[in-house]
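Colleague: Chains as they are written, first to last, in my numbering: chain H, 1 to 112; chain D, 1001 to 1169.
Worth double-checking, as some hints may not be accurate.
Facing chain H, according to a computed beta carbon distance under 8 angstroms, are these residues of chain D, among others [stated by the list, open to error]:
(1) 1105
(2) 1128
(3) 1129
(4) 1138
FYI, nobody ran anything at the bench for these hints, they're computed from the structure. Bear in mind that the values here come from a model prediction, so they are computed numbers and not experimental data. Beta carbons are placed, not taken as given, at the ideal position from N, Cα and C, and that holds for glycine.
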Amino acid sequence: MDYQIEEEAGFVVEDVSKIIKESVEATIGGNAYQHNRVNQWTTSIVEQCLSQLSKLGKPYKYILTCVIMQKNGAGMQTASTCFWDNSTDGSCAVRWENKSVYCIVSVFGLAI
Amino acid sequence: MFGWGNCWSVPVCLHGICPGILFSMIMSFSSISTVSYIDELGHHDDNARLAPTMENTYQMGPYKRFPANAATDILKDVLTSYLQEEKYEVEWSQKMTKTLCEVIRARVKELMIPRYKIVILVHIGQLTGQSMQISSRCLWDTSNDTFASHFFKNSSLFGVASVYAIYFE
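So here's chain H without its partners, still in its complex pose (with noise of 0.2 angstroms):
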């Protein structure tokens, strides 16, 4: 049978933002949109917040996106939707943008 930890708040909104802030920073930081690396910059934000997100250690599986768009004047819409357990999982949401700009990045936390 599993055993409770006690310590464990199920998915702290906080602390996952921070992790994706300062992976978006470190990534694009002050740089303008350059189609040719952003699909490394993808790449790169995402797998970093991932390692950071299973150095946290808690039983969880997670999902990430990250949508990064070049600023024109477009208009983008985006929504979830989810099938889970309430009291266990969690999500959040990071918009950032700069000059050129927009990311959004989006972790999903599903309880093991």
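Starting from the known structure of chain H, arrange chain D on it as the hints suggest.
Modeller: What follows is chain D alone, placed relative to chain H:
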């Protein structure tokens, strides 16, 4: 963000524009970042500890795997039927992303695959010649978990829908 309730199924919330959502904005001299999440999470700590402890079923793996092909067909079908002749408009697309999410979730649930948790993501955007990149990575069990996604485009908008299916051990 998502509406929270006391049941398994969660209503849809649109990113960034929903009542009751806490926003924290941090401005630095060249970039802005916003975090969106549900405020109520702070008051629901009891819920986390009261999560039902399931009895061990001694089941080693899923009896029925999640059919990624069927999911892709559902996504293709829903995106094409809802977005085929439409033009991008802000109000309409806000409602449409939510609607699409709910429709896709209902149809995936109809597949009745037991012990799988579902996450659905829908993006609708305007086509104005801008460039963008969407990528995702997951930390999961590759033998049991899977995903499906589909991209749709017409003359004024594009839509991307993804379904992730996670096995609940």
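Colleague: Okay, which hints does this one fail, numbers in order?
Modeller: none
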